[in-house]
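Asker: Sequence:
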Amino acid sequence: MPQLFVLLAAMLWGTIAIFVKQLTQFGFTEMEIVTIRVLFAFIWLIPVILLQQKAVSLKIDIRHLWYFVGTGLCSIVFFNWAYFKAINIMSISIAVMLLYTAPAFVAILSVIILKESMSKKKIAAIAVTITGCAIIALTGSGAQGEWSIVGFMIGLCSGLGYALYTIFGKLALRDYDSLIITFYTFLTATICLIAFFPFWKKAVALPLEAWLYMGGLGLLPTVWLICFILMDLRK
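Just so you know, we're using our numbering here: the sequence shown kicks off at 6 and counts up by one.
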């Protein structure tokens, strides 16, 4: 059963690019799509929290707000913008590859922030990651519109932002349940973005199909994915 949850989560994650491409076609910018994702994810998380209210507490210490600024802004907002931007200016395969430089960033940041040791295996893994990225970048550079220096740097930023969620999340796990961290992460991101990127001004004139993609982005590759991961972790 745990393997099934992992498989379902991976499949849902793979649908992100579909939603991003479709919403881009409807005229939304990358930051508007990020706002759409975090807002609808927050809305979909509310019934999940209500179902779990006996098991988890929504109370947080005001001194710990920086955890959620870290997971919400420094990670979720930053990495989603960079990932969506990379998807739109390069091929999806290269954008995904650059996102998954995150483990290398995690290994480095863990030493700097969490004071973990840097083993020979970690150094070897980082070297392999860098080599793989370089090979894919070089082989992809010959295709028109498939690769660019700007796109490559933005793609690396998505990996860094994704890694930051692991770092801030591990710090937050000292005090809070993973579901609560997720809830406040999306709440923080929503509050910070919604005033600056009022996507609904465009959305009101769009067909139902656009709204289905908006709601789907928040549900399928976000909340459902999170739920499958949490179910796996709790097994």
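There's no promise every hint is true.
[Stated by the list, open to error] Derived DSS-like pairs: lysine-lysine, alpha-carbon spacing no greater than 25 Å straight-line:
1) K126 to K206
2) K26 to K206
3) K127 to K206
4) K206 to K64
5) K64 to K120
6) K175 to K125
7) K26 to K207
I should point out that these hints are in silico values taken from the structure, not numbers from a laboratory.
Asker: Hint by hint, say whether it matches the structure.
Answerer: Cross-check of the supplied hints:
1. K126 to K206: 51 Å, violated
2. K26 to K206: Holds, at about 20 Å.
3. K127 to K206: 47 Å, violated
4. K206 to K64: 34 Å, violated
5. K64 to K120: 29 Å, violated
6. K175 to K125: Given that 25 Å is the threshold and the Cα spacing comes to 23 Å, the pair holds.
7. K26 to K207: Satisfied, since the Cα-Cα distance of roughly 16 Å is no more than 25 Å.
When the structure is compared with the earlier hints, violations turn up for hints 1, 3, 4 and 5 and for no others.
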